[in-house]
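A.B. asks: Take a look at the letters that make up each chain.
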Amino acid sequence: MYRRLRAGTAFVCDLVVGDDWRLALGLAAAVVVTVAISRTTFPSWWVLPLAILALLPLSVWLVARRRA
Amino acid sequence: MSAGALFVAVFLACTVEAVEATTIVLAAGLARGWRSAWYGALAAVAVLAIGVAALGPALTAIPTDALRLVIGTFLLVFGVQWLRKAVLRAGGITALHDEDAIFRAKLATAERAASHPRGTVPDWYGFTLAFQGVLLEGTEVAFIVLTFGSNQHAIPLAAAAAGAAIVLVGTAGFAVRAPLARVPENALKFLVGVMLTGFGAFWAAEGAGTRWPGSDAALLVLLPGIALLGLLLAAALRRQGGARNRRTAASSPSGQAL
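Residue numbers (the numbering used here), protein chains in the order written: chain B, 118 to 185; chain H, 14 to 271.
Hints were generated in silico from the structure; no laboratory data involved.
We treat Cβ as the ideally placed atom computed from N, Cα and C, and that holds for glycine.
Treat the hints with caution; some may be incorrect.
[Stated by the list, open to error] Per the computed footprint, the stretches of chain H lying under chain B, defined by three or more beta-carbons under 8 Å from a beta-carbon of chain B, are:
1) 208–220
2) 226–235
[What the hints assert, rightly or not] Ranges of calculated distance between the beta carbons of each label pair, as one might list FRET restraints:
3) I115/H <-> A185/B: 18 to 28 Å
4) P237/H <-> L142/B: 23 to 33 Å
5) L132/B <-> R131/H: 20 to 30 Å
6) R131/H <-> G125/B: 19 to 29 Å
7) R156/B <-> R131/H: 28 to 38 Å
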């Protein structure tokens, strides 16, 4: 039962998080920052596009560097 | 998000997964017999449909902002991973998904396995091969149907888009009795990755309380912007790969001879 539960959790994690957990963590952190800024009077719409712009190339570059 | 955009996004995402599931069911059917393969595929579809039917109404009962924040975050993370995978394949860093090779490998393994019946299933191996294949590929379909559908309060429409993709790809696969290797799977994956990432970011930010400049029109900038980023990254990887190959050729003895 425990093994099945662990396998199920691992499958769901793999499904959502995928191959790069740091990318997933970075995006989740960007959502938290968006929530925090949206509680103030400053605009917060730019946080997630900026996070995608920074994190996706970084993640791709790290794989390319490893394979080079 | 309009009903048309929702339909297209779910349809394209499900097409990619349906191509992969069809390859496995075809291998199971050709190697082990069609009855067991059909039972396995239909059982997996039933499990997925029950999951969507059970979770769908529960999700739509959650307040819109909280739902958008959670669903948007999941979609964003999930979509960026799809986009990353498509960029790495387009850039030549990882191999393209080869349906023909996967089909041949599955077929060879299935032909070697021992046969034994269980209950009304004539061949248990064929049943489990088809069941696992459809269930694993279908989980991503169910995830997309639930996230897109619940956020727009249109789970039936999202399910219909998924069903249309499955029927179309399944019919094509069984008509030609071969894996659908000509489907531009990576291009579709790229497109779906862009859509999931864009809508995920849009909804997550809205759920967090953000107001986008131009409201829904912001998507008209966000989606092409993400697509452009992906294309530029793939082009940069291809250029880097080409330069590396030229350096390798120049430093090798045969390259020096040239």
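A.B. asks: If a hint holds in the structure, say so; if it does not, say that too.
C.D. replies: Verification of the hints:
Under the rule that three or more residues need a Cβ within less than 8 Å of chain B, the assignment of the stretch 208–220 of chain H holds, with 4 such residues. Here the stretch 226–235 of chain H counts 3 residues with a CB under 8 Å from a CB of chain B, which clears the bar of 3, and the coverage holds. A beta carbon spacing of about 27 Å between I115/H and A185/B agrees with the range 18 to 28 Å that was offered as a hint. Taking the beta carbon of each, P237/H and L142/B are about 27 Å apart, inside 23 to 33 Å as hinted.
For the pair L132/B and R131/H, the supplied restraint of 20 to 30 Å holds, since their beta-carbon distance comes to about 29 Å. Checked against the hint of 19 to 29 Å, the C-beta distance between R131/H and G125/B comes to roughly 23 Å, which is consistent with it. Checked against the hint of 28 to 38 Å, the pair R156/B and R131/H fails, with Cβ atoms roughly 57 Å apart.
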